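Engineer: Below, each chain spelled out in residue letters.
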Amino acid sequence: MKTLQYFLLLAFLGILVGTVIHLPPRGDIDSPVHQTVNPAGTLVAGTYYIQHAYKDTKTPNMVVAVLADYRAYDTLGEVVIVFVGGIACFFILNLRRRKP
Amino acid sequence: MLEFIQDYYAFIFLALLFTIGLYGMMVKQNLVKKALGMAIVQATVIMFWIVSAYKDGAGIPIFDKRYGVENPEMYINPLPHAMMLTAVVVAIITFGLSLALIIAIYREYNTLHEPELLDQMKDI
Amino acid sequence: MSDKPLTEKIPRYCKGTGMMAPTDSPIVHIACRGISPFIFLIGLYVFFHGHYSPGGGFQGGVLMAATILLLRLSLGTGLSQVVMPASITLRLSAVGVLIFAGTGVITMIFGGDFLDYHFLPLPWLDPAYLRYYGILLIEVGVVLTVMTTLIAIYDDLLGY
Numbered sequence: 001m002k003t004l005q006y007f008l009l010l011a012f013l014g015i016l017v018g019t020v021i022h023l024p025p026r027g028d029i030d031s032p033v034h035q036t037v038n039p040a041g042t043l044v045a046g047t048y049y050i051q052h053a054y055k056d057t058k059t060p061n062m063v064v065a066v067l068a069d070y071r072a073y074d075t076l077g078e079v080v081i082v083f084v085g086g087i088a089c090f091f092i093l094n095l096r097r098r099k100p
Numbered sequence: 001m002l003e004f005i006q007d008y009y010a011f012i013f014l015a016l017l018f019t020i021g022l023y024g025m026m027v028k029q030n031l032v033k034k035a036l037g038m039a040i041v042q043a044t045v046i047m048f049w050i051v052s053a054y055k056d057g058a059g060i061p062i063f064d065k066r067y068g069v070e071n072p073e074m075y076i077n078p079l080p081h082a083m084m085l086t087a088v089v090v091a092i093i094t095f096g097l098s099l100a101l102i103i104a105i106y107r108e109y110n111t112l113h114e115p116e117l118l119d120q121m122k123d124i
Numbered sequence: 001m002s003d004k005p006l007t008e009k010i011p012r013y014c015k016g017t018g019m020m021a022p023t024d025s026p027i028v029h030i031a032c033r034g035i036s037p038f039i040f041l042i043g044l045y046v047f048f049h050g051h052y053s054p055g056g057g058f059q060g061g062v063l064m065a066a067t068i069l070l071l072r073l074s075l076g077t078g079l080s081q082v083v084m085p086a087s088i089t090l091r092l093s094a095v096g097v098l099i100f101a102g103t104g105v106i107t108m109i110f111g112g113d114f115l116d117y118h119f120l121p122l123p124w125l126d127p128a129y130l131r132y133y134g135i136l137l138i139e140v141g142v143v144l145t146v147m148t149t150l151i152a153i154y155d156d157l158l159g160y
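Chains as they are written, first to last, in the numbering used here: chain X, 1 to 100; chain C, 1 to 124; chain A, 1 to 160.
Hints are computed from structural coordinates only; laboratory data are not their basis.
These numbers were taken from a predicted model, which means no experiment stands behind them.
Some hints here could point you the wrong way.
In silico SDA-like links for lysine to any residue, alpha-carbon gap of 20 Å or less [to be verified]:
id, chain 1, residue 1, chain 2, residue 2
1, C, K34, C, R107
2, C, K65, A, Y129
3, X, K55, A, P123
4, C, K55, X, T47
5, X, K58, A, D116
6, C, K122, C, L99
7, X, K55, A, R91
8, X, K55, A, Y52
Chain X stretches covered by chain A per the calculated footprint, using a threshold of three residues with CB under 8 Å from any CB of chain A [said to hold, decoys possible]:
id, region
9, 51–58
10, 70–76
Glycine included, each C-beta is placed from N, C-alpha and C at the ideal position.
With the hints as extra help, turn the sequences into a complete structure.
Structural biologist: Spelled out as structure tokens, the structure:
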């Protein structure tokens, strides 16, 4: 059983490495992730944020502008997740056990 | 060969780290070690996004008056960083919640070893 | 090292209050008590300077939580209740969520969409600066929630 598990892990590592060396190299400017214009000719979302974030919000840090202004719904859900996680920990650990 | 290593060492190390986390989740039989393996896998995915967002010759996504916004090649894409900021916090909360569940399991069964847990659950 | 049992080494103020046995060492106590306000100050800097440099609500909140967790680890949960009582952490977390969502509801009341900072009731500001202060407002909520939830999870895991 252990042997099968190790064999599966090694095979998975082989698949991962074999996939990863076909990615564009790290930091490559020509890779499709880093293009500023879509193949269809329109701007990608990151370019829009870079060009408009300072003008719209006067906030130089674009990550904060994206996180708290353009995608504020996302952050609201995330904060609710944090709160619900705290509440869930409280109730899991502090409720009395049911006596059978 | 050296160029290949320079280009891909981060990805290959991340693949190794992912496999280590998966090893913790699959082979280890203690629940805390399984949870730690899950945390390692989450951290690996987050680091993979950050490594993919790196771009040669570009600065951090903070507006700089010297560069302006006319050519967006000067900044790296802010979107992966914002998404991974979300993922980091959710990963922390997931780990805390899993630890809480593990403590609840320990109070109920007095063990964290998985085969013993399965044995005890069979008797019920 | 003396041959007293471990339970007698624990100071009296912590006896029976916790599973974590804090140390007796005054060096650890004074170092942690001395360094924690400065970590809190760095957290405040990271939070309020997050508009201009790497940082923001989540990072600042985690640093501020690290301050109080350092006190919890070094002094024991009993003594560090003075700084942040374990009973108000979850309530403050709820207040943080309320600040975040309340900002959205205020903009709805004044005629905009949910979380559209353009409609915040501060008419003497430029529209761009309205968004600037809107971001600051919701980051306050984020900081409160993240900081207090991390402390609350720590306290719950130790059984307080």
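Engineer: Could you check the structure against the hints above and give me the numbers of any it violates, in ascending order?
Structural biologist: 6 and 7
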